[in-house]
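Trainee: Taken in sequence, the protein lines are chains H, C and L.
The numbering used here puts the first residue of the first sequence at 1, with every later residue one more than the last.
The numbering used here puts the first residue of the second sequence at 493, with every later residue one more than the last.
The numbering used here puts the first residue of the third sequence at 619, with every later residue one more than the last.
Hints should not be assumed to be uniformly reliable.
[What the hints assert, rightly or not] Just so you have them, the derived chain L footprint on chain H, three or more residues with Cβ under 8 Å: (1) 142–148; (2) 331–338; (3) 404–412.
[What the hints assert, rightly or not] Here are the simulated DSS-like cross-link-like pairs (lysine-lysine), alpha carbons at most 30 Å apart as the crow flies: (4) Lys596/C with Lys171/H; (5) Lys171/H with Lys555/C; (6) Lys159/H with Lys841/L; (7) Lys772/L with Lys374/H; (8) Lys555/C with Lys902/L; (9) Lys555/C with Lys903/L; (10) Lys640/L with Lys680/L; (11) Lys596/C with Lys374/H; (12) Lys236/H with Lys640/L; (13) Lys902/L with Lys485/H; (14) Lys923/L with Lys49/H; (15) Lys49/H with Lys640/L; (16) Lys1035/L with Lys302/H; (17) Lys170/H with Lys772/L; (18) Lys210/H with Lys596/C; (19) Lys640/L with Lys372/H; (20) Lys807/L with Lys49/H; (21) Lys596/C with Lys398/H; (22) Lys1035/L with Lys47/H; (23) Lys986/L with Lys594/C; (24) Lys594/C with Lys471/H; (25) Lys904/L with Lys596/C; (26) Lys923/L with Lys402/H; (27) Lys772/L with Lys159/H; (28) Lys594/C with Lys640/L; (29) Lys211/H with Lys170/H; (30) Lys171/H with Lys159/H; (31) Lys1035/L with Lys1021/L; (32) Lys159/H with Lys302/H; (33) Lys851/L with Lys594/C; (34) Lys902/L with Lys170/H; (35) Lys822/L with Lys923/L; (36) Lys1035/L with Lys159/H; (37) Lys672/L with Lys47/H; (38) Lys594/C with Lys904/L; (39) Lys1021/L with Lys47/H.
No lab work stands behind these hints: they were computed from the structure.
A virtual CB, placed ideally from N, CA and C, is assigned to each residue, including glycine.
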Amino acid sequence: MSENKYSATSGIQQEEPLLFEHAHEAPESINLPGVKGEVSSDLAAFKRKTPANIPGLSEPETVRHFVRLSQWNHGIETGFYPLGSCTMKYNPRVNEQIARLPGLAHVHPDQPEDSVQGMLGLLSELQGWLAEIAGFSDVTLQPAAGAHGELAGLMMIRKCLDARGEQNRKKVLVPDSAHGTNPASAALCGMYTVELKSGADGRIDLEELKKHLDGDVAALMMTNPNTAGTFETDIKEICQLVHDAGGLVYGDGANLNALVGVARPGDMGLDCLHINVHKTFSTPHGGGGPGAGPVAVNDTLKPFMPVPRIVENDGVFSIETEDEQSIGTILSTLGQSGVYMRANAYISAFGNNHIHQIAQDAVLNANYVLSKLKSVYHVPFEGLCKHECLLTDEWQNKHGVKTLDIAKRLIDLGFHPMTVYFPLIVHGAMLIEPTETESRETLDSFCDAMLEIAAQCEAGDTQALHDAPLKPIRRRLDETQAARKPVLVWEG
Amino acid sequence: MSVPTDLKFTKEHEWVRIEGDTATFGISDHAQEALGDLVFVELPEVGRNIDAGEAYGVIESVKAVSDVYAPVGGEVIEINETLESEADLVNSDAYGAGWIIKVKISDNNADTDLMNPEEYTEFLND
Amino acid sequence: MRYLPHTEADRQAMLQDIGMSKMSDLFADIPSEFHTELGSLKLPDGLSEAGIVKKFTKAAEKNRHAGNTRCFLGGGTYYHFVPAVVDYIISRGEFLTAYTPYQPEIAQGTLQALFEYQTMIARLTGMEVSNASMYEAATATAEAALMARRVTRKTRTVIAGSVNPRYRAVTENYLSRLEGDFVEVGMGKFGTDLSKVIAEIDDKTACVIVQYPDFYGSVYDLKPLREACNAHKCLMVVAFSDVSAFGLIESPGAYGADIVVGSGQALGIPMAYGGPHLGVFACKKKYLRQMPGRVCGLTTDADGKRGFVLTLSTREQHIRREKATSNICTNQGLMCTAAATYMTLMGDAGLATIAQHSAAALDLLVSKLPSHVVAASGAHYNETVLTFESADKRDAFIAEARKQDIFAGIPLEKFEKDIEAKHLLVATTEMIEEDDVNALIAAMEVAS
């Protein structure tokens, strides 16, 4: 019974060698357009002496090769993907369609402004919408990903403090539950981070915060809801305290999905917020990118936004490339426009009348999962969660089962595991983010799987957990071997 | 694992063996166990001068990375190049083949802060 | 709302299951003063799918684009052909909708594609190893400069004035908050004078960054630079803006580059008004533990079968935190899959043909120039600078070309603001055919 209850099967998966191992001569070069003929003698002197050794397969072989590879992947379209703090929601297909319209896909970034008014209009519209949704005065689209947005935000904070004559402020406070990118971004801005110990409830501890607020403080970087999935209820006081101490508050928008249309970080006193459009606004993760990390800013930081920027004048859009106060440019183009087309389409689909349903259903789903699992998995921080819920393996440990085993067993049952061992503030963390695009049926099935795993632990029937996964094309992989003797390219 | 009695330890879980004006550094068995399977050891250049307490290298496991600090100061006279390809020696033989560097001691003031094996075991148990 | 599976009845039942009566109970932990009145945002109401298609089609029609014009624009982004197969492969949900492959057992597809990408990029650039991509070329250049500081423990950066001004600006910006000098070497011509660059290298220099082919499309011998870098123990960083060049010309690796960075957009990725593109990052094997970004490595699974994982992750921010090699978290994963598919379709022969046609189109263009327009001299790949008699003459030509639906090139002052406004940066690819060149030349003659 139980093997049929979940979607995973051991259906046919084809082995496929590396394309370098397809042992035959490449076919005739495909027919390419263009100006034929030899190149100038000046250039000919620089010709490659040996070819690069890129094998080349025929078109049918290429398709089969990559289709087989694709079948080894689990994507959102394949199954449930409750990866905490990653917001793996359904990526609407119409978004892909519109982004491929030739008038959007084949536009060169240095075309004259009058020839790209449609594109600039869509980007500018999205800028305004993101500012409105997040509750800020403006948005820069330049950052290429969340971590890049973080860097942009900290650069703006640095510049703002410098403009106030406070070059000495270099301390950035970061809760110990924060995403790992935070300290690295601060270091790049010539600042240093000091870790804030979370309180007993996983939230920022006001007394701990006060201890660190002195004349050196440049900023507090926080995520709200935090990575334990709970809302920072003292948010107003936190911002007030940091501002009173002369610092600014940076928001990591990784968890914005909990708030869309329901509450606005800008209203709570934050000075800026980066938005992961590949999380909240459904642009595909693509196996690790591309993302985009626009940053929303309030009036304090607005003068320091990066250039180039889109400016509107009587319905005509132009691009501003110079600004004395700006932090300058951080990408070779305006931004990841193709990603923004999809984000615009996503917001267009919801609109003002539906957008709050994103947060509502996301938070409903997370609390639903939490309520079903809390009797058998340890919940480190009691109470309401937001768009994700945090469990640990504490109760399973006594049966010799760890978070990793639970995660790998889920694979055999057809689910992508949750985020494991993050946040670092609890031992054996399992962070589950179901998102709003999952049905009750899927959530029930996932919860059944989790309950079944817990029951197997209780029954001492744990071998299947330690052996898992058995169904994918590969079993547990040896990460130690990979890191000890790194092989990053094929030398066969 | 038995701990050689001629070693001294730091609170950062490094060991040092002092023979005349030469000191050999490594990390304790406890440290290697806590880090898990080591994959890489970044060694300093021979000839570099290191102060007592200074980070002189980096050790990496699959899941963690840690600086290693000099128990005493001095000039690097030898590095354990085998570790560049076989970092796991630190796991399998922390007090022997898993030694990291040797220095010619110039600053031995930190000696007073070092623990003998019994004190280190006590420190671990605290 | 069609992306949300719940019915109202589902929602009510689920609320009941968790002991709540209404949606707002779920947000009781948010102070009431911060609750947004539902439906009060300044956004239009939601559109149907048909409405979305209509809206974007209308906006797209307001743009001119490379597909319905003759496009001679370059400067870092190029209109190369994207085969249908590339777009098909990256449209497959298993590639498109997967996250970063942190659970390798169910991400072998992405991982093997990344491994193949890394291998092909290393081969094309002539380097030993490649990472699994960066955002794009300018940030990749900045990351190369940061990496050189870590490798050499020195802080001075020398960059040639013939590196794309945007790569220079971003690199300078990244380094400006850190200690150390940033030296830009003016060239005084549209090309690279290596002797000027070499004169700036000293023992404090962490790296020297040049572009090859340079920003003006000029191709030159990098050998003297390798020697100078050896003499001062600094790293040789070579940037590029159109990776297709290396299907034809000698790779930076063959000249002994330590780090190679640039744009891989030519490998099957649409221009899309500036992104998402692909930042290529390759280096010598001995530096791989200082290399930023994600990397995929070969290993075996519990049954001894070959498999792949993301590796060397201890360099990354989630473990090293402030000591991480870079703050980067995301790469351009899907673009790597696109590039891998593209290179597989092309092979050596196809890549050589594309480069040959791209360069031949430029040769043809230069050979037909009227006497009042002068092209920069020396070897060029697929891009060069045309100089007109005056700003007026150039602008008259640009305007005339526009009338004929030709994007004639990029006014150089758009990149180099202090330069006299009579230069035009023009680029060609395999998408430029002889009649496109003829049309451009005809516009030049009409405007003169």
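Trainee: Against the structure shown, which of the earlier numbered hints fail to hold, in ascending order?
Mentor: 4, 6, 7, 10, 11, 14, 15, 18, 21, 22, 23, 24, 28, 34, 35, 37 and 39
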